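A.B. asks: When you get a sec, could you build the whole thing from the sequences and use the hints?
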Amino acid sequence: MVRNDYIPFPSEILEVIKHTDIEYTFRMAFRGKVKPGQFFEVSIPKYGEAPISVSGIGDGFVDLTIRRVGRVTNEVFEHYVGNTLLLRGPYGNGFDLKNYKGKELVIIAGGTGVSPVRGVISHFAENEKQRKGMTLIAGFKSANDILFKEDFRNWRQKMDLILTLDSGEETAEHKIGLVTKYIPDLKLQDVNKAVAIVVGPPAMMRFSVNGLLDRGFKEENIWVSYERKMCCGLGKCGHCRINDTYICLDGPVFNYTVGKTLID
Amino acid sequence: MGFHVNESQFDAWLTEQRKTYDIYAPMRYAGGNTFSDVDCIRYGKVSSISEIVFDKKSEYSFKEVLSPISQTLFFFTENEKKEADPPKKGAIIFLRSCDLHALKRLDDMYLRNGPEDYYYKRIRDNIKIVLIGCKQSFENCFCVSMGTNISENYDMSVNAQGSTYAINCKDNAWNQFFLDLGASRHLVVPDQVHENPVKVHIPENLTPDVARASMWEQYNKRCINCGRCNFVCPSCTCFAMQDIHYCDNANVGERRRVWSSCMVDKFTDVAGGGSYRKKNGERMRFKVLHKVYSHKKRHGCHMCVGCGRCDDICPEYISFSHCVNQLENAMKEVST
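In order, the protein sequence lines correspond to chains A and B.
1 is the number of the first residue of the first sequence in my numbering; add one for each residue after it.
1 is the number of the first residue of the second sequence in my numbering; add one for each residue after it.
Each hint can be trusted.
Just so you have them, the derived chain B footprint on chain A, three or more residues with Cβ under 8 Å:
no. : stretch
1   : 4-13
2   : 64-70
3   : 221-235
4   : 243-249
Hints were generated in silico from the structure; no laboratory data involved.
On a predicted model such as this, the values are computed, not experimentally measured, just so you know.
Built from N, CA and C at the ideal position, the CB exists for glycine as well.
C.D. replies: Right, here's the structure in full:
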């Protein structure tokens, strides 16, 4: 008998962490295999489903960082600790940590793009011996849009952190300017062996990857993660297809040698 | 075995089959077209061979039997979820050779692209196929170019010859039924089309680089992104999830999947206002290359089966086959 993958399971909200007015992390009860960069279909009966990437993984839970921008996510924000949401997943390939182990690692993330890569950052923040140098360039629109503030305070102790805002006043905590501004000055021992992950809005990813290539990074040492509308997560609904690639099955994480061939 | 049967003998077989199967075939819906006083030929449940339209191409395909336009997946009542029941009966589907090839494309998507689809599989496992022979090509057909003009994997074929139906049957129980009826034995081969007025040529050297060609720009203005080409296509499978709740009781509702179209607005919208392929020309390119490039790369055969329904239905007279025939020059353009 074929398994019915469309029936979701209930998951309890264990904790709600508020980042901004419209972005909260919902810590959901979950036991099972899951990798950073994978996603769940989150749903509420009568409102529908939305694909949400995993922003944190722990014993008995996954974190889902959700922005209140649509019909489903608006309703999610009406749910509190102790309530349940329906989940399906995890789907997608996720980040494979072994690609980055023992190497100089640069992560460039923009806005909610920090969510899918947060698990990777946390892993290498906690396990410094598993990597060489580490630089995180994270960009947000303004001070009000910064996610994971507590994480950034912690990460600053453990890696080179450049937190930058599109506009506003420069402070000790953050700089002003686009993430791409900081790529030419990246301090690296050996750019030929350094690896990078880029996640964020399409234009930010395009310019960041170009910046890394200009800085001397090899294409095969860059990974990207794509945001698409995944209605099913199962390779059926067609919404996330690019060429012969289904982001939900083959991605959302791609080595840039593959990612660069994907023309929407 | 081959037989020649008359209408009443065929109807006797249909009556027998209807005990265990719903019979789906192209039917005439009088006045049912988009335009007033025009009939629509589309699939429906038939009980007599006289209801089946043999002399016209159906405007919509058989795919709605396996992938309904709106399909309830499950119902929710407070915290309970109840899976929607499968159809009570299996299905016998009357279709033409191009559509039988399209069935393989549906299988590619629902059974081989990711995990097997529960809802598709439970219908798919209970269907039988009756191939309708094609005596001649219809307007806009290009099955010969796509290699879909001949099919072997049917349970029975039928050539309509006036009041006589020539059938080639591969099902033992059905053969016995016709023998018991006293149907006359004949050698029968399904009618096949060997040449279409419309021919397409898909260049061997086609690559996604063709996206940069100028040919797609013409569709920015010509196409009105209505999505009809997707809905009539026998191989288009895209859907979106949809929740509804009942007006009388907001605690009760259902989750459905409904057809969607890569040509229509909002198909790619992501949270926060992002979307991809905003221009209609880009959408046309995305669809056309799926049909004659991307699907083959992933599943070994072109998705397009050359039925020409997209050309038949387009309100802007955009021709898919004509578009495909521009690809060769477009490749030259992007290669230089």
